[in-house]
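Asks: So the chains spell out like this:
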Amino acid sequence: MRTVYILWLRQIKRYFRSKSRIIGSLGQPLLFLVALGFGFGPIYAKAGGGDYIQFLTPGIIAMSTLFTSTFMGIELIWDKEFGFLKETLVAPVSRLKIMMGRTLGGATVAVLQGLIVLLISLPIGFSPNWVALPLAILFLIMIAVIFTAFGTAIATKMEDMHGFQLIVNFLLMPLFFLSGAIFPINGAPAAIKAIVLINPLTYGVRGLRAALTGTVDISSLGNLGIMVGIALLFVAIGSYLFSKVEI
Amino acid sequence: MNNEKIIQVKSLTKKYRDFKAVDDISFEVRKGQIFGFLGPNGAGKSTTIKMLTTLLHPNGGEIMIDGKNPVSQPDAVRKAFGIVFQDPSLDDELTAWENMEFHGVLYSIPKPLRRQRIEHMLKIVELWERKDELVKRFSGGMKRRLEIARGLLHHPKVLFLDEPTLGLDPQTRNNIWNHIIDLNKEEDITVFFTTHYMEEAEKVADYICIIDLGKIIAKGSPGELKSKAKARSLEDAFIKLTGKNIREEEAKPIDKLRMRRRVFGGRR
Ligand SMILES: Nc1ncnc2c1ncn2[C@@H]1O[C@H](COP(=O)(O)OP(=O)(O)OP(=O)(O)O)[C@@H](O)[C@H]1O
Ligand SMILES: [Mg+2]
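In the order they appear, the protein sequences are chains A and B.
Residue numbering for the first sequence is 1 to 247, as defined by this note's numbering.
Residue numbering for the second sequence is 248 to 515, as defined by this note's numbering.
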């Protein structure tokens, strides 16, 4: 347990020490909130959707957590490149614990990033249902764990950062756009709907949106269950790939 | 010095695709020995060390470290050794003290003992005053000293040093070797090292193995090697045994990456 904790702590310290990273990664969500929120807001309202900021913000919070957590994989590539990974790999600690520490550390950072976006959205006009905030955080944690494991799994197979960035951007954009984060998917064609339904992020966005702005009911629990299942699967796959890393 | 064998290697082989980086080598290291593992660039030294330290799986042969097999009992072996890698392996974004603390926790050293040893080791390598500085502000020599202190924190039985003095000034090199020799004497730590500085090897090693192109081509004490090669110094002996050609190597992807980092400056 203490080893998982020290690995987690290292990740947190690295995050708080690079202020530029924290601030830099807030740019994109902020842009999306302002540009999409104010740009499409009137159209959305005219189409009878209601307040677009209320709809959009949970999606943007999910996006911020999605990108931060997947890009945590880059930490593994840094550690390969700067050699620190060897230090952890020669230690008498199971690979599973190393992977757990890294994943939890990365996920914590990604959840914090999502919460910062929530704070920023308040002056823009977002008014969440504070009562269900703990449930919302639970969904954020699941998104963060799934995609930290996902990013780390990809990173185990990559040797350089540019390749990682290319692949991850290539995968993340469709995941994000086809998750219901920025537009409702009810009216979408069947093929698109199918993709949306196999996208893990969809369930995270749904759960998050229900907790922050909608009504929490039995389907929230269903979504949470799906997220927990996917998280376990991804952490298992990530741990397996991580245990095969040779340097 | 006793006769117990702390490292035993039999017919060890490692292939990278079709290329045999380590080709059927065998040797033994006695407990308490200072063992020099020498060879030209690309001879297979680091590859051998990576197999001994559980980082790479051999393609053939057998290894025993302190009676345990790195392939089947990796964690038992990992507890028994400390290592200073050829390339840097510190976390630059952490302080010296945090790097030590991280190591101590991974090796489950109980807290009071951990604190005490970290202080002791940092004082030995003269970094105690700067323990709260981020490692990225350290010079190359300070980083190397910190890595050595870290490698010794859990009191390993065997210390692997892969070119520990690479790029250090003579003062620091001397200083580091003096610490290592003291530890070897006082705590009976076995030292397995590589270096390209032959005077250094000649001075400190009890026993030397020379590896070239993945094969061991000579073994013996520095004196024996010199008389075998009819050479005046170990450096002469080394050149006579391994030839005058410069080794060509293809850069591995990770090396290219590191090279790029060096070219564009190491700081983030
Ligand atoms: N990951 C790898 N993939 C392919 N080839 C490799 C890999 N690692 C090492 N090699 C090759 O194996 C050979 C032995 O490399 P190794 O790093 O063990 O040499 P070394 O004796 O430590 O050399 P040096 O003194 O330059 O550090 C070299 O030809 C090297 O190019
Ligand atoms: Mg080497």
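It is worth saying that the hints were derived from the structure and are not from the lab.
The beta carbon of each residue, even a glycine, is placed where N, CA and C say it ideally should be.
One or more hints might be untrue.
To be verified - Taking lysine-lysine pairs in the BS3-like style, the calculated list, with each CA pair at most 27 Å apart, reads: (1) B:Lys370 x B:Lys315; (2) B:Lys315 x A:Lys19; (3) B:Lys390 x A:Lys13; (4) B:Lys315 x A:Lys97; (5) B:Lys358 x A:Lys97; (6) B:Lys378 x A:Lys13; (7) B:Lys358 x A:Lys13; (8) B:Lys432 x A:Lys157; (9) A:Lys157 x A:Lys97; (10) A:Lys46 x A:Lys193; (11) A:Lys97 x B:Lys404; (12) A:Lys13 x B:Lys262; (13) A:Lys157 x B:Lys262; (14) A:Lys244 x B:Lys262.
To be verified - Which residues of chain A face chain B? A partial, calculated answer using Cβ under 7 Å: (15) Thr3; (16) Lys46; (17) Gly48; (18) Phe84.
Asks: It remains to establish, for every hint, whether it holds in the given structure.
Replies: Hints versus structure:
1. Pair hint Lys370 of chain B plus Lys315 of chain B does not hold up; C-alpha atoms about 33 Å apart against a cutoff of 27 Å.
2. Between the alpha carbons of Lys315 of chain B and Lys19 of chain A the distance comes to roughly 46 Å, so the proposed pair goes past 27 Å and is violated.
3. About 20 Å separates the Cα atoms of Lys390 of chain B and Lys13 of chain A, which keeps this hinted pair within 27 Å; it holds.
4. Of the supplied pair hints, the one linking Lys315 of chain B and Lys97 of chain A holds, its CA atoms being roughly 23 Å apart against a limit of 27 Å.
5. For the hint pairing Lys358 of chain B with Lys97 of chain A, the CA-to-CA distance comes to about 20 Å; that is within 27 Å, so the pair holds.
6. The suggested pairing of Lys378 of chain B with Lys13 of chain A holds, with an alpha-carbon distance near 16 Å, which does not exceed 27 Å.
7. Simply put, Lys358 of chain B and Lys13 of chain A have alpha-carbon atoms about 20 Å apart, close enough for the 27 Å limit, and the pair holds.
8. With a C-alpha separation of about 44 Å, the suggested pairing of Lys432 of chain B with Lys157 of chain A is violated against the 27 Å cut-off.
9. For a cut-off of 27 Å, the pair hint linking Lys157 of chain A to Lys97 of chain A stands: about 19 Å separates their Cα positions.
10. For the hint pairing Lys46 of chain A with Lys193 of chain A, the CA-to-CA distance comes to about 24 Å; that is within 27 Å, so the pair holds.
11. Our distance criterion of 27 Å between C-alpha atoms is met by Lys97 of chain A and Lys404 of chain B, whose separation comes to about 25 Å.
12. Restraint check for Lys13 of chain A and Lys262 of chain B: not satisfied, since their Cα atoms lie roughly 39 Å apart, outside the 27 Å limit.
13. Restraint check for Lys157 of chain A and Lys262 of chain B: the C-alpha separation of about 20 Å stays at or below 27 Å, so the hint holds.
14. The suggested pairing of Lys244 of chain A with Lys262 of chain B holds, with an alpha-carbon distance near 17 Å, which does not exceed 27 Å.
15. Interface restraint check: Thr3 of chain A against chain B, minimum CB-CB distance 6 Å, threshold 7 Å, status holds.
16. With 7 Å as the threshold, the beta carbon of Lys46 of chain A stays out of range of chain B, its nearest partner Cβ sitting at about 47 Å, so the hint is violated.
17. Checking Gly48 of chain A against chain B: minimum C-beta separation of about 49 Å lies over 7 Å; hint violated.
18. With 7 Å as the threshold, the beta carbon of Phe84 of chain A comes within range of chain B, its nearest partner Cβ sitting at about 5 Å, so the hint holds.
In summary, the structure is inconsistent with hints 1, 2, 8, 12, 16, 17 from the numbered list given earlier, while agreeing with the others.
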